[in-house]
Amino acid sequence: MVKAFDDEQVTIDFNHPLAGKTLSFEVEIFEVKAILAS
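Number 19 in the numbering used here belongs to position 19 of the sequence shown; there are no gaps in the numbering.
What the hints contain is simulated information worked out from the structure, not anything from laboratory work.
Check before you lean on any hint, since a few could be wrong.
Stated by the list, open to error - For each label pair, taking beta carbons as the anchor points, the in silico distance ranges come out as:
1) V2 x L23: 23 to 31 Å
2) K33 x Q9: 38 to 46 Å
3) E26 x D6: 39 to 47 Å
4) V2 x S24: 28 to 36 Å
5) A34 x Q9: 58 to 66 Å
6) E31 x E8: 56 to 64 Å
7) I35 x F14: 37 to 45 Å
Idealized CB from N, CA, C, for every residue including glycine.
Could you build all of it, start to finish, from the sequences and the hints given here?
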């Protein structure tokens, strides 16, 4: 995204639009399997 520009310089922000934002997810667990120690 171009943040600023003039006749000699362009400032571009390559960060993702969600960078620095708090994200929340809702998940559903379908299955849990036990792992046997070897």
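Hint by hint, here is what the structure shows:
Take V2 and L23: their Cβ atoms lie about 25 Å apart, and the range 23 to 31 Å holds. Restraint check, K33 to Q9: a C-beta distance of roughly 56 Å breaks the suggested window 38 to 46 Å. A hinted range of 39 to 47 Å for the beta carbons of E26 and D6 is consistent with their spacing of about 45 Å. Distance hint check: the CB atoms of V2 and S24 are about 30 Å apart, consistent with the given range 28 to 36 Å.
For the pair A34 and Q9, the supplied restraint of 58 to 66 Å holds, since their beta-carbon distance comes to about 59 Å. At about 59 Å, the CB distance of E31 to E8 agrees with the hint of 56 to 64 Å. Restraint check, I35 to F14: a C-beta distance of roughly 40 Å satisfies the suggested window 37 to 45 Å.
When the structure is compared with the earlier hints, a violation turns up for hint 2 alone.
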